[in-house]
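Just add 65 to wherever you are in the sequence shown, counting from 1, and you've got this note's numbering.
These are computed hints drawn from the structure, not numbers from a lab.
Glycine included, each C-beta is placed from N, C-alpha and C at the ideal position.
Watch out, some of these pointers could steer you wrong.
To be verified - Listed next, the in silico DSS-like pairs over lysine-lysine satisfying Cα-Cα at most 27 angstroms (straight line):
no., residue 1, residue 2
1, K241, K154
2, K228, K154
3, K228, K176
4, K176, K154
5, K228, K241
6, K242, K228
7, K176, K186
8, K242, K154
9, K176, K241
Said to hold, decoys possible - Computed beta-carbon distance windows for the label pairs:
no., residue 1, residue 2, range
10, Q239, K154, 15 to 23 angstroms
11, L183, H232, 17 to 25 angstroms
12, Q135, A238, 29 to 37 angstroms
13, Q69, D105, 34 to 42 angstroms
14, R227, Q188, 31 to 39 angstroms
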Amino acid sequence: MMLQVGPPCSAPGSSAGSPCEEQYVSATAHLGLIDHIIGDQCFYQLRTVEQLGYVVFCFQTANSGITSFQAVVQSQEYNASYVLGEIDKFLEDFEVSTIANFTDETLAASKELYARTLRKKSQTLRDESDRLWGEILSGREQFDYNSQLLGALDSITPESLRKFYRHHMTDPAQYKKLVVGVYGADSPVDLSQDSSYCIDWETTDHSVLEYNANNSNCSQSLTL
Numbered sequence: 066m067m068l069q070v071g072p073p074c075s076a077p078g079s080s081a082g083s084p085c086e087e088q089y090v091s092a093t094a095h096l097g098l099i100d101h102i103i104g105d106q107c108f109y110q111l112r113t114v115e116q117l118g119y120v121v122f123c124f125q126t127a128n129s130g131i132t133s134f135q136a137v138v139q140s141q142e143y144n145a146s147y148v149l150g151e152i153d154k155f156l157e158d159f160e161v162s163t164i165a166n167f168t169d170e171t172l173a174a175s176k177e178l179y180a181r182t183l184r185k186k187s188q189t190l191r192d193e194s195d196r197l198w199g200e201i202l203s204g205r206e207q208f209d210y211n212s213q214l215l216g217a218l219d220s221i222t223p224e225s226l227r228k229f230y231r232h233h234m235t236d237p238a239q240y241k242k243l244v245v246g247v248y249g250a251d252s253p254v255d256l257s258q259d260s261s262y263c264i265d266w267e268t269t270d271h272s273v274l275e276y277n278a279n280n281s282n283c284s285q286s287l288t289l
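Kindly produce the complete structure, drawing on both the sequences and the hints.
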């Protein structure tokens, strides 16, 4: 599951100090702070408590100018609609239990911990190479980006964090979400219960995945 973050105009390479660039940096700073706060709890809740699967992680990423929050779950027991429901429930519960309860003091402590990560210098030549290539591959090509994030971090308040989280992560009327479910041909998961999606997955006699849009809200079908 991917939640896209950032203003519509957020095209890396915009002139420094432009409204678009300032929005993009601010959005990335908010998301980076959330990623820093939520990561361990995501793993604990979805893997340890809910036992959705062995592979579970949440992370922030930037690729080709798109900054996003992603949750990845590899499950042998549950279909994609069930997993998605549990991810959504976790994000909503986290909003109530953690995001909504930040004060100036508690947020300052979390901001300082995240700031330490941003200030950390590369320890090896490979670390520095990875950082530089990361900027190139992300499409930003701003090699002082951590310094920009540190500046934006200072302006984050409990209220701005609550608004950002609600807008981009829990409000269906506002967030931009992409969900991808991948099933193996021999998957033991009962796909007949995955009725909330437009796509039903079946295998033909030739082991080709066939996509059938059976939901009345869907308008197309595709066979590969």
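Earlier hints that do not hold, by number: Violated hints: 12 and 13; rest satisfied.
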